[in-house]
Amino acid sequence: RSNAKAEYGQFTTNVKGIFAAGDMRRGQSLVVWAINEGLGAARECDRFL
Numbered sequence: 899r900s901n902a903k904a905e906y907g908q909f910t911t912n913v914k915g916i917f918a919a920g921d922m923r924r925g926q927s928l929v930v931w932a933i934n935e936g937l938g939a940a941r942e943c944d945r946f947l
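Numbered according to the working numbering, the sequence shown spans residues 899 to 947.
Note that these hints are calculated values from the structure, not bench results. Honestly, I wouldn't trust all of these hints.
To be verified - Between beta-carbon pairs, the in silico distance windows are:
(1) Q926 with L947: 13 to 21 Å
(2) V930 with G907: 26 to 34 Å
(3) V913 with G936: 12 to 20 Å
To be verified - Listed next, the in silico EDC-like pairs over lysine to aspartate or glutamate satisfying Cα-Cα at most 20 Å (straight line):
(4) K903 with E942
(5) K903 with D921
(6) K914 with D944
(7) K903 with E935
(8) K914 with E942
(9) K914 with E935
Everything numeric in this text was worked out from a predicted model, so none of it was measured. The beta carbon of each residue, even a glycine, is placed where N, CA and C say it ideally should be.
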């Protein structure tokens, strides 16, 4: 078992096809940040596909 790591300012991870947002990326925070990061991760996923 291993962990996925996202670089600062990016939603892609070191695992191909896995994207990170919200609590997975920045730790426990406000839900509005998670919503915003979800949008960013969705955009990265769209580019990947």
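Hint check:
no.	hint	result
1	Q926 with L947: 13 to 21 Å	violated, 29 Å
2	V930 with G907: 26 to 34 Å	violated, 18 Å
3	V913 with G936: 12 to 20 Å	holds, 18 Å
4	K903 with E942	holds, 15 Å
5	K903 with D921	holds, 13 Å
6	K914 with D944	holds, 14 Å
7	K903 with E935	holds, 15 Å
8	K914 with E942	holds, 12 Å
9	K914 with E935	holds, 19 Å
Violated hints for the displayed structure, listed by number in ascending order: 1, 2.
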